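> Count the sequence shown with the numbering used here and you get residues -18 to 194, in order.
Don't take every hint at face value.
Simulated restraints on C-beta separations [unchecked claim]: (1) N63 x P98: 34 to 42 Å; (2) K(-6) x S99: 35 to 43 Å; (3) K79 x E132: 20 to 28 Å; (4) S69 x P98: 37 to 45 Å.
Within a straight-line C-alpha distance of at most 27 Å, the following computed DSS-like cross-link-like pairs (lysine-lysine) qualify [stated by the list, open to error]: (5) K11 x K41; (6) K79 x K97; (7) K154 x K193; (8) K68 x K13; (9) K41 x K149; (10) K68 x K93; (11) K138 x K41; (12) K193 x K135; (13) K119 x K(-6); (14) K149 x K79; (15) K13 x K185; (16) K164 x K116.
What the hints contain is simulated information worked out from the structure, not anything from laboratory work.
Keep in mind it's a predicted model, so treat the numbers as computed, not measured.
By construction, the Cβ of each residue, glycine as well, lies at the ideal position given by its N, Cα and C atoms.
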Amino acid sequence: MEAVLKFGGSLSKDPVKLKKLCIKSSKWAKEKSLTIVPGGGKFADIIRDFDEILNLPALKTHEMAILAMDLYGLLLASLTPNSQPVKSLRKCIKLSRKGVLPIILPYETCIKANFKPSWNVTSDTLSAYIAALLKAEKLILIKDVDGIYDEKGKILKVASLNWLKKNKSCLDKFFPKIIEKVKIESYVVNGFYPDRIEKILLNKETLCTIIKP
């Protein structure tokens, strides 16, 4: 697998640009082996709201949050030509080889993973986990920001794992730990500018933050 594209839930706040990104992604998939991992988006926010009100068991909120990713995945599949929602990694690989863009519904894969149930483990970490299982060369975390910002509000061209462990960012707290383990080069890029993602796929420089394992 050349790259896993993690579509952040925040992209849905601009439906027009999200649709454009989905169309672009379907075209890239005809030339490169790709898989989309969905975030949780507003579906996961609903789970957070219930958790705050009802103080739910951590395991149950974890399970529901992963199911929220499945829902967002089905939404993305409805917007993306030449795509297919799938539940198995084997099907991801099979479809990507045919030029079809698989959108994985992560519940069945991720519920088996040995992560401690916590809001510190979100779709960022789970996308890295899936990327590792798919033996992806790159993990591209597509968000609504231009990259990771330092303490002065400037975009970091490269963010070290040590920096991520010590500072708050748009990534979840567990992300640097899993990248340290699976060792996949990762990128944080703004999904409202699809050309930037295309440049990453083509190994060209662009505005983003690179996270080297």
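> All hints are to be evaluated individually against the structure, with a verdict given for each.
Each hint tested on the structure:
no., hint, in the structure
1, N63 x P98: 34 to 42 Å, "35 Å, holds"
2, K(-6) x S99: 35 to 43 Å, "25 Å, violated"
3, K79 x E132: 20 to 28 Å, "46 Å, violated"
4, S69 x P98: 37 to 45 Å, "23 Å, violated"
5, K11 x K41, "38 Å, violated"
6, K79 x K97, "36 Å, violated"
7, K154 x K193, "16 Å, holds"
8, K68 x K13, "20 Å, holds"
9, K41 x K149, "26 Å, holds"
10, K68 x K93, "13 Å, holds"
11, K138 x K41, "37 Å, violated"
12, K193 x K135, "19 Å, holds"
13, K119 x K(-6), "26 Å, holds"
14, K149 x K79, "40 Å, violated"
15, K13 x K185, "15 Å, holds"
16, K164 x K116, "10 Å, holds"
Checked against the numbered hints given earlier, this structure breaks hints 2, 3, 4, 5, 6, 11, 14; the rest are met.
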